[in-house]
Each structure stands twice: as C-alpha cells, then as structure tokens.
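Colleague: One letter stands for each residue in the lines below.
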Amino acid sequence: MLLRLALRNITAHKKSSSITALLIAIMTVLLVFSSAWMDGSHNTMIQNSVEIYPGYIQITGKEFRNNPSYDHLIFDAATIELELAENNDIAWFGPRFESFVLFAGEDKAVGGMLTGIDPEKEEHLSRLSASLEKGEYLGAGDTNQIYIGYELSRRLKLDVGNEVAFIGSGADYSFAADKFKIKGIFQTGLFDFDASTAFVAKDYFDQIMAAENYATHFIVLPKQPGQAEELAVTIASSIGPEYQVASWNQVMAGLVKAMKLDSVFGYITLGIIFIVIFFVIMIYSFLAVFARIREIGILRAIGTTPKQVLTLLLLESSLLAFISVLIGGVIGGAVAYYFHFHPIVFAGMEEQFKQYGLAVSAMPTAFMPLVILRDMAVIFVLSVLSTLYPILKINRFRPVEAIHHV
Amino acid sequence: MSPLSACADSASEIIKKVENNLNGKTAVIVLSMMVKTKRTERTIKMESYSIGKDKSFIKILYPGKDKGITFLKIDNSMWQYVPRIEKTIKIPASMMLQSWMGSDFSNDDLVKESSISEDYNQRLLEETDEEYQIELLPTENSAVVWGKIIMSVSKKYYLPTRVQYFDEDGILIRELTYSEVKPFGSRFYPTRWLMLPKETEKEANKTIIEISRAVFDTEVDESYFSKRALRRYSK
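Just so you know, the protein sequences line up as chains D and E, in that order. If you read the first sequence in our numbering, its first letter stands for residue 1, the second for the next number, and so on. If you read the second sequence in our numbering, its first letter stands for residue 1, the second for the next number, and so on.
For reference, chain D alone in the conformation it holds in the complex (with noise of 0.2 Å):
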C-alpha cells in the first residue's frame, strides 16, 4: 500500500523527481568514471614501472638494499635457483648482477650500469627485448655483445656495430675490462635508465667480472602478479634469512606513496563536489516536501499516522535513489567498461610522463564491479541522507498547520 502510494508520488510529481534523479545519477557517473580513472591511472602506472625492469620480487643479500656492495652479493645463485624451481606459484625467475662501470667509446668516458643477465629469462622478467629499437635482443651463447641504452649509446656516440670498452672492478674487487661489440640498443623511454644502463649474458659476464654463482639480484615473475607481496613472504621463508625478499610494493615504495597521496587528492576533490550535490539536494527535496506541505497535512487529518508519514517519504526518497544510483551505476560501469578495453591516449604527453619515470601514454580505466557497487552504495546513502532532514522536519508539522501552510 505503502509502496504504491510511494510510486504514484514519485511519477506525479515528475518535475521535482527527475531533477533529484538526476543530479543523483551524474552523481554516482561521476564517483564510479572517477574511482576506475584513478585506480587504472595507477594501476597502469605502477605496473609499467614495475615490468619495465624492477619486477615483481626482488631477491638480495640481506644488507644489498641498504648498502649496495660486492660485500653483501647473493653468493650462491645455484641454491637460491633450486629453491625458486620448487616453488609452483612462480611463473619464471631469473639472475641478475648489476655492476657500476666506466664505459668508454671513441673518445668519451661515462659512467653506468653494466648487468649480467639471463637473456632468455630476461625476456619474461622484464621488458628490455620488448624495448629493443635497433639491432638485436642478446641471446643465450653470447659473449662479449652488448645490449645498451639508446641515451648512452648517443652519449657515447656509439652505434649497433661498434665497439665500447669498459673498465670496472669484479666480484673479488680486482681490475676488471673488456671490449663488446653493440648487438641492440633499446629504449624503455625511460630516460635515466636509457641513459645509464647496459646489458650483457651473464655466463660471459660472470667470467669477466670473476662473479661465477654470484648474483645482486634474483627476479621474480609470479604467476599471479597480485599475489607478489605474498610470495614474497613464502619465498623468504624457503630461502632463509641471509636474503632479503622485496615485493614491488617495498621496491618501489616512493612510487606506490606518491599514488596513494594521488588518490587521496582525487577523493578530496571528489568529496567538495559532493558536498555541493548534497547540499543542491537537500535543498532541493525540502522545497520539494514542503511544496506538498498541505497534501501531508490532509494525509496526517486523514489518520495517517506520524509514522506512516516518515516511512512513505523514506521510500520515496530511497525508491528515486535506488533507481537513480542504478541508472548511474550503469552509465559510469559501461563508460568505465569502455575505456577499459579503449584506453585514453594522452598522444604528445610522453615527456611529461617521463619526468615522472613513466613509459606509457595510455591509461586504461579499471573496471571493478565491486568498486562501482561500493561507489553505488556510498551515493545511494549520501542521497537518502541528504533528504532525511527535509523529511523529519515536515514531520514535525501538525495536520492543521500543515493544512494551512502557505
């Protein structure tokens, strides 16, 4: 009875409710495109700087994150290898060991970063072959080819073909030099890591830096990317605790505050706009209630009780935001939807993007029902909290002076 009186009320007074429905429904647009914008912006973002090279876990000597030294190296690759075979949640792994150098071309010296690593894992680990952009990627039996950055290849005015020299010091601390010959250069957009850094197999590399069995790094690609932080913890505990096992989020700590710090400016953000809506509906239902002002008052002299009163204007006002946040939902969920699978482009703002270490320029929006359904919810209640002062006000009436109200 109730709910049909609530129904007609609802479509007689078309005017007032399709405004309320409205505002409500941009209003739900808005915070469901917003939460997927901002959660797939970042997401983005930190798994491309994560897959670029860092990956998903990193394993070291205990020490090697806060003192990056030849004194705190992975010292026996060969046990850290057998232990990551036996562990099914690992979808590929593989060594690294990162050597500050001097690098030397024709005429000019600079200094870098040269790495030994395992070509093959490589590719799945990171995406430096993906990044190639003249030459070739490294493969398993090379020697004394190199894989360098396009920057430092300019710095060193050096091409696919030439030879660069480096000198350094090995594993044991002695002298250590060699020529290679550019195989590929690549280019991760990058720019510090395209400026600094250079790649060569590691079997070679372990002969030349005297770091046989020797590893700074082991990466980790876990089968299920979500599940780093808690792979990591089960591969520490396998491993022991001469070695420290970091998941992304620990790797890439600054990045992952500044996302955060991000979001909590977009909700805030969010949150004025909402006050504002609120506010806007609020007003609006109590010009809305107090125009059927009178129609309450015949109602209450009818017999209707207080009560009854209170809970048919309740669900009104629920009955329209529930129509309206479900209209909402579902504009924001399929726009949401869409540039899930269509990603904005930002064409012309690589540069900006790189200032912040970012290698991409499209940003896919996230589409998670159950953040559009929590977003629903959180403005089906605002919605209904905003109408509940109007509603206990006019309650407060009595019929003959509601009656009489002008």
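Mixed in with the good hints, there may be bad ones.
[As the list claims (entries may be wrong)] Here are the simulated lysine-lysine pairs, DSSO-like style, with alpha carbons at most 27 Å apart:
#: 1; chain 1: E; residue 1: K65; chain 2: D; residue 2: K179
#: 2; chain 1: D; residue 1: K108; chain 2: E; residue 2: K227
#: 3; chain 1: D; residue 1: K307; chain 2: D; residue 2: K393
#: 4; chain 1: D; residue 1: K181; chain 2: E; residue 2: K227
#: 5; chain 1: E; residue 1: K67; chain 2: D; residue 2: K108
#: 6; chain 1: E; residue 1: K227; chain 2: E; residue 2: K67
#: 7; chain 1: D; residue 1: K157; chain 2: E; residue 2: K227
#: 8; chain 1: D; residue 1: K223; chain 2: D; residue 2: K257
#: 9; chain 1: D; residue 1: K181; chain 2: E; residue 2: K90
#: 10; chain 1: D; residue 1: K62; chain 2: E; residue 2: K198
#: 11; chain 1: E; residue 1: K55; chain 2: D; residue 2: K108
#: 12; chain 1: E; residue 1: K38; chain 2: D; residue 2: K62
#: 13; chain 1: D; residue 1: K62; chain 2: E; residue 2: K206
#: 14; chain 1: D; residue 1: K157; chain 2: D; residue 2: K108
#: 15; chain 1: D; residue 1: K108; chain 2: E; residue 2: K235
#: 16; chain 1: D; residue 1: K108; chain 2: E; residue 2: K90
#: 17; chain 1: D; residue 1: K181; chain 2: E; residue 2: K65
#: 18; chain 1: E; residue 1: K36; chain 2: D; residue 2: K181
#: 19; chain 1: E; residue 1: K65; chain 2: D; residue 2: K108
#: 20; chain 1: E; residue 1: K90; chain 2: D; residue 2: K157
#: 21; chain 1: D; residue 1: K62; chain 2: E; residue 2: K36
#: 22; chain 1: D; residue 1: K179; chain 2: E; residue 2: K90
#: 23; chain 1: E; residue 1: K235; chain 2: D; residue 2: K179
#: 24; chain 1: E; residue 1: K67; chain 2: D; residue 2: K179
#: 25; chain 1: E; residue 1: K202; chain 2: D; residue 2: K179
#: 26; chain 1: D; residue 1: K179; chain 2: E; residue 2: K227
#: 27; chain 1: D; residue 1: K62; chain 2: E; residue 2: K202
#: 28; chain 1: D; residue 1: K181; chain 2: E; residue 2: K235
#: 29; chain 1: D; residue 1: K134; chain 2: D; residue 2: K179
[Claimed, not checked] Cβ-Cβ distance ranges computed for the label pairs, FRET-style:
#: 30; chain 1: D; residue 1: K108; chain 2: E; residue 2: T139; range: 29 to 39 Å
#: 31; chain 1: D; residue 1: K108; chain 2: E; residue 2: I74; range: 15 to 25 Å
#: 32; chain 1: E; residue 1: D167; chain 2: D; residue 2: G111; range: 15 to 25 Å
#: 33; chain 1: E; residue 1: K17; chain 2: D; residue 2: K134; range: 57 to 67 Å
#: 34; chain 1: E; residue 1: K17; chain 2: D; residue 2: D203; range: 48 to 58 Å
#: 35; chain 1: D; residue 1: N43; chain 2: E; residue 2: G170; range: 42 to 52 Å
#: 36; chain 1: E; residue 1: K17; chain 2: D; residue 2: G111; range: 29 to 39 Å
#: 37; chain 1: E; residue 1: L61; chain 2: D; residue 2: N162; range: 48 to 58 Å
#: 38; chain 1: E; residue 1: S142; chain 2: D; residue 2: I275; range: 58 to 68 Å
#: 39; chain 1: E; residue 1: N76; chain 2: D; residue 2: T269; range: 50 to 60 Å
#: 40; chain 1: D; residue 1: R65; chain 2: E; residue 2: R213; range: 43 to 53 Å
Derived by calculation from the structure, the hints in this document are not laboratory data. For every residue, glycine included, the Cβ atom is placed at its ideal position computed from N, Cα and C.
The hints should help you fit chain E onto chain D, whose structure is shown.
Modeller: The following block gives chain E in isolation, referenced to the frame of chain D:
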C-alpha cells in the same frame, strides 16, 4: 706578530716540509699494495714515476691479468690505459671518488692528495716532544672531498705518521698510518702505509702499501708524462 699567526705560519711550514719530503723533486718507487676485504685478499705490484707533486705515472707489474695497466696524472687530470681493451680512458670527474684498483684509496687520492698545502688552511693543534698535530680545514673556494683532516707529523723526519680524514659532519671516515721509516740515499721515507676505512660497512677492509725500492731526486725521463707514454710504457 701574534702568537696565533706565528703558529699558523709554522703549521703551514710543517705541511710544506712534509709534502716535499713525501714527493721529492723526483721519485721512482716500486711498491706492492695489499688489499684486504671481508672476502678477498689481493696483492698488486706497481712502479711509480713522479716529478714533484703534479706529474706521476704508474704502471702495474703484478698480477699478470692486470700487468701493463698504466695511469698518468698531470695536475688534476687522470688517464688510464688498459692493454686488454687497447684504450686510453680519461677518468671523468664523477668517477674520482671511486676506489682505485679495488683498494681503499680513491682515484682522487692519487690526483689530489698532494695539494693539501693549497686547498686547506693549516692550524697547529698540539705539539708534543715527538709530534706535531695539525688540523687541515678546506679553504673557502676549494672543491675538496674532506671536511677536515688531522695530520700527525713526526718532528724527527718531518714525515706524517698518521692522517685522519673526516667528512663534513666531522665523522672519521678513514685513517692512514705511515710507519717503518727507512733511509733512501739522503732521504728518509715511510715504507709501510696502512689505510683503514672507519665506516662500519667497510670494517673488515684494509689496504697496506709496502715500498720495496725508492730512488729520489734523480733525472726522471719527461717522456713518461704524456698521454702517448701510457701505451708506450705499458709493455
């Protein structure tokens, strides 16, 4: 003249004497350097030719793998020739603080160590019967590595016995001890240099230089001090 400036004066005179005694007009020195770290221990043997404090040439004799690597220092620049890569490389400024040949000495030590009379203000801290203790603080315009150096100088030889290097925050970073002074011709020279890093992560490290042969103030062929010499004398 006030007593203070008299002190400052004598402090700078002491440092000048020390520098002269350490560098000589010319010096040809054969030395071995033992580098010890937590895990490894290596010995490198080399030969060094120098004129005053501005020009020096070093050639590695041992181990075989590094034999023929040469270094040339002229004023504040440093070049290195590596036979394995057949290349002469100028060590860039950014690499100056890197370890030299894996030891606890840095490239900068080889290049700049001897300019303490110019880049630092000297002040006599203490005088005992055997030693002077001199504090060296960088002059305003000098681009130096250390925030403070304290040098103990033996009165007998006017040679350093201990040099302590502090960073800008006054924390002791490393300590160099000179000992076993022996006569070489008319000169006395410390034949054992011990460098101990004081940072906790390098606790286990030390570098010992032992001088086995030294000839001072003879003619040293000027041809050692050109970039061409790096390759030429590498063999």
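Colleague: Now look at each hint and say whether the structure bears it out.
Modeller: Here is what the structure says about each hint:
1. E:K65 / D:K179: 15 Å, holds
2. D:K108 / E:K227: Holds, at roughly 15 Å.
3. D:K307 / D:K393: 13 Å, holds
4. D:K181 / E:K227: Holds, at roughly 26 Å.
5. E:K67 / D:K108: Roughly 24 Å between the alpha carbons, so the hint for K67 of chain E and K108 of chain D holds.
6. E:K227 / E:K67: 18 Å, holds
7. D:K157 / E:K227: 22 Å, holds
8. D:K223 / D:K257: Distance ~25 Å between K223 of chain D and K257 of chain D Cα, so the pair holds.
9. D:K181 / E:K90: 21 Å, holds
10. D:K62 / E:K198: Holds. K62 of chain D to K198 of chain E sits at ~21 Å (cutoff 27 Å).
11. E:K55 / D:K108: Within the cut-off at roughly 23 Å; holds.
12. E:K38 / D:K62: At roughly 16 Å apart (the allowed maximum being 27 Å), K62 of chain D and K38 of chain E satisfy the hint.
13. D:K62 / E:K206: With a Cα-Cα distance of about 23 Å, the restraint between K62 of chain D and K206 of chain E holds, given a limit of 27 Å.
14. D:K157 / D:K108: 8 Å, holds
15. D:K108 / E:K235: 24 Å, holds
16. D:K108 / E:K90: Cα-Cα ~8 Å, so holds.
17. D:K181 / E:K65: Judged against 27 Å, a Cα distance of about 22 Å means the pair holds.
18. E:K36 / D:K181: With a Cα-Cα distance of about 34 Å, the restraint between K36 of chain E and K181 of chain D is violated, given a limit of 27 Å.
19. E:K65 / D:K108: 25 Å, holds
20. E:K90 / D:K157: 16 Å, holds
21. D:K62 / E:K36: Within the cut-off at roughly 22 Å; holds.
22. D:K179 / E:K90: 16 Å, holds
23. E:K235 / D:K179: 19 Å, holds
24. E:K67 / D:K179: This hinted pair holds, its Cα atoms lying about 17 Å apart.
25. E:K202 / D:K179: Violated - the C-alpha atoms of K179 of chain D and K202 of chain E are around 31 Å apart, more than 27 Å.
26. D:K179 / E:K227: 21 Å, holds
27. D:K62 / E:K202: Distance ~16 Å between K62 of chain D and K202 of chain E Cα, so the pair holds.
28. D:K181 / E:K235: The given pair, whose Cα atoms are some 25 Å apart, holds under the 27 Å limit.
29. D:K134 / D:K179: Within the cut-off at roughly 20 Å; holds.
30. D:K108 / E:T139: 29 to 39 Å: 32 Å, holds
31. D:K108 / E:I74: 15 to 25 Å: 19 Å, holds
32. E:D167 / D:G111: 15 to 25 Å: 22 Å, holds
33. E:K17 / D:K134: 57 to 67 Å: 60 Å, holds
34. E:K17 / D:D203: 48 to 58 Å: 56 Å, holds
35. D:N43 / E:G170: 42 to 52 Å: 47 Å, holds
36. E:K17 / D:G111: 29 to 39 Å: 38 Å, holds
37. E:L61 / D:N162: 48 to 58 Å: For L61 of chain E and N162 of chain D the Cβ distance comes to about 33 Å; the hint is violated.
38. E:S142 / D:I275: 58 to 68 Å: 60 Å, holds
39. E:N76 / D:T269: 50 to 60 Å: 54 Å, holds
40. D:R65 / E:R213: 43 to 53 Å: The hint (43 to 53 Å, Cβ to Cβ) holds, given that R65 of chain D and R213 of chain E are roughly 45 Å apart.
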